[in-house]
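Chains A and B, in that order, give the protein sequences.
Residue numbering for the first sequence follows my numbering, starting at 1376 and increasing by one per position.
Residue numbering for the second sequence follows my numbering, starting at 540 and increasing by one per position.
Treat the hints as calculated values from the structure; they're not laboratory data.
Here the structure is a predicted model, which means the values were calculated and not measured.
Glycine residues also receive a C-beta, built at the ideal position from the N, C-alpha and C atoms.
Treat the hints loosely; a few may be bogus.
[Claimed, not checked] Stretches of chain B that chain A covers, calculated by requiring three or more beta carbons in the stretch to come under 8 Å of a beta carbon on chain A:
hint, region
1, 543-550
2, 614-623
[What the hints assert, rightly or not] In silico DSSO-like pairs for lysine-lysine, Cα to Cα no more than 30 Å straight-line:
hint, chain 1, residue 1, chain 2, residue 2
3, A, Lys1440, B, Lys590
4, A, Lys1405, A, Lys1440
5, A, Lys1405, A, Lys1378
6, A, Lys1406, A, Lys1665
7, A, Lys1605, B, Lys623
8, B, Lys620, A, Lys1732
9, A, Lys1440, A, Lys1406
10, A, Lys1529, A, Lys1707
11, A, Lys1707, A, Lys1732
12, A, Lys1707, A, Lys1473
13, A, Lys1529, A, Lys1440
14, B, Lys623, A, Lys1728
15, B, Lys590, A, Lys1406
16, A, Lys1473, A, Lys1529
17, A, Lys1665, A, Lys1405
[To be verified] If you want a taste of the chain B side facing chain A, the calculated C-beta under 8 Å gives, among others:
hint, residue
18, Met540
19, Arg567
20, Glu577
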Amino acid sequence: MKKYSAFAIAREALRGNTGWPEQWSSPEPKKSYDVIIIGGGGHGLGTAYYLAREHGITNVAVLEKGWLGGGNTGRNTTIIRSNYLYDESAALYNHAIKLWAGLSQDLNYNVMYSARGVMMLAHNVHDVQVFKRHIHANRLNGVDNEWLTPEQAKRYCPPLEISRDARYPVVGAALQRRGGTARHDAVAWGYARAASDRGVDIIQNCEVTGIRRGPDGAITGVETTRGPIKARKVGVVAAGHSSVLMQMADVQVPLESFPLQALVSEPVKPVFPCVVMSNSVHAYISQSDKGELVIGAGTDQYTSYSQTGSLSILQHTLEAICELFPMFTRMKMLRSWGGIVDVTPDRSPILAKTPVKGLYVNCGWGTGGFKATPGSAHVFAHTIARDEPHPINASYTLERFRTGRLIDEAAAAAVAH
Amino acid sequence: MLLIHCPYCEEERPEAEFRHAGEAHIARPQNIAEISDEEFERYFFIRSNPKGLVFERWRHIHGCARFFNAARDTVSDRFLKTYKAGEPKPALDGEG
Chain A
1376 MKKYSAFAIA REALRGNTGW PEQWSSPEPK KSYDVIIIGG GGHGLGTAYY LAREHGITNV
1436 AVLEKGWLGG GNTGRNTTII RSNYLYDESA ALYNHAIKLW AGLSQDLNYN VMYSARGVMM
1496 LAHNVHDVQV FKRHIHANRL NGVDNEWLTP EQAKRYCPPL EISRDARYPV VGAALQRRGG
1556 TARHDAVAWG YARAASDRGV DIIQNCEVTG IRRGPDGAIT GVETTRGPIK ARKVGVVAAG
1616 HSSVLMQMAD VQVPLESFPL QALVSEPVKP VFPCVVMSNS VHAYISQSDK GELVIGAGTD
1676 QYTSYSQTGS LSILQHTLEA ICELFPMFTR MKMLRSWGGI VDVTPDRSPI LAKTPVKGLY
1736 VNCGWGTGGF KATPGSAHVF AHTIARDEPH PINASYTLER FRTGRLIDEA AAAAVAH
Chain B
540 MLLIHCPYCE EERPEAEFRH AGEAHIARPQ NIAEISDEEF ERYFFIRSNP KGLVFERWRH
600 IHGCARFFNA ARDTVSDRFL KTYKAGEPKP ALDGEG
């Protein structure tokens, strides 16, 4: 791997940029690997990278049915925060935040992590009580999160409308200063490049069509559109398609897949300094470094694999955005899209071993998986390599839906998040 | 936006009038206090989440307010059939 540096840029400038190698190699799949990761998004590629770097397991393939980062990694609104209510969530998401802070240096790839602050708006007494409870719980867990008055919120984000006459009056906000955004494509590409450099095979356009199990029930490999591949360990990191893949191994999972839509505006000069979320009205907005406003909506109400949703959802979100930020009422929207998110009953992920020997699953991130990418990948690699969970993901089992030991962020937030 | 045929009103109406109400044909166990944790998990949490034909409940909340069932393709979002609550799963061509 050629190291990216200021010196390399200067050298290539003199050579007409002819010396940049491909970022990762695209080999033909081998007959057999130690570990197969199904899903070439951020979580899957990151898992392969940490398997190689932390555990010395380099005979690994990442199988992606389309192109790297073409699923939810490339379809989310790139919001990063860790101010969740429960101890288990704080541990997992804060683990990710700590890794985000050093990720560009670690990967030698600029993932453009920008800790510009994530501000969550409170619109009513219920929001105020819930947010303040979160702030206190976060403080106990060492997660930064602070309460702002409407005036303080407007100072932090000047475009915000805080008039009491607004349709959704802002009565306060919770601010996590370490929250922010990152460049989603760069996360997938950076992990792919660093993993490939350590010997991981990145195989695109290779859809898994079956999961093979031996007479004892243990995993023996996968069937793909590019032929069968053997492996004793398989990690499923397939987001919206997790149910489909798990059913290939006869494992029933408590997931439902919903469309989640987002859209971007035409690019404009820097006008929006932070990330603002409003759970109550389902509006999530930030400005990308290209200048586009990046706006996220809530999920559609019905299950689907269509990667598209109802226009009414986008209308609802844009109405809320225009009420909160009247300066955007004449902004033109450029494009919208949908991703398919796998939602668990408690809105917390499943990061665990399964009843099938050699089969591991990292799914159920629902509407908020991007922020956890490095932390999720790091502990999932540990789970696969050691055949036991890392202490941080020990609670995120499949069995919790049987024992009742849920991590109920659904109830904590009272909305999808 | 989806267009949904309400089998009670016998009209095709926009999705905004309806609420999705989860997977259909999941019967609540009669003896719910006695069933095992595994059975409760299967009833309460496990969903088929198919890529393809799904049977699901809808409620015409801003119309007749009644629950009914639908067969829909989750890849194309096309409705194959809607039918009244209590009716059996319809046999459809290409099912499975």
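These are the hints, each one checked on the structure:
no.	hint	in the structure
1	543-550	violated (count 0)
2	614-623	holds (count 3)
3	A:Lys1440 <-> B:Lys590	16 Å, holds
4	A:Lys1405 <-> A:Lys1440	17 Å, holds
5	A:Lys1405 <-> A:Lys1378	27 Å, holds
6	A:Lys1406 <-> A:Lys1665	43 Å, violated
7	A:Lys1605 <-> B:Lys623	48 Å, violated
8	B:Lys620 <-> A:Lys1732	40 Å, violated
9	A:Lys1440 <-> A:Lys1406	18 Å, holds
10	A:Lys1529 <-> A:Lys1707	24 Å, holds
11	A:Lys1707 <-> A:Lys1732	52 Å, violated
12	A:Lys1707 <-> A:Lys1473	36 Å, violated
13	A:Lys1529 <-> A:Lys1440	45 Å, violated
14	B:Lys623 <-> A:Lys1728	41 Å, violated
15	B:Lys590 <-> A:Lys1406	29 Å, holds
16	A:Lys1473 <-> A:Lys1529	28 Å, holds
17	A:Lys1665 <-> A:Lys1405	40 Å, violated
18	Met540	4 Å, holds
19	Arg567	16 Å, violated
20	Glu577	6 Å, holds
Hint compliance for this structure: hints 1, 6, 7, 8, 11, 12, 13, 14, 17 and 19 are broken, all remaining hints hold.
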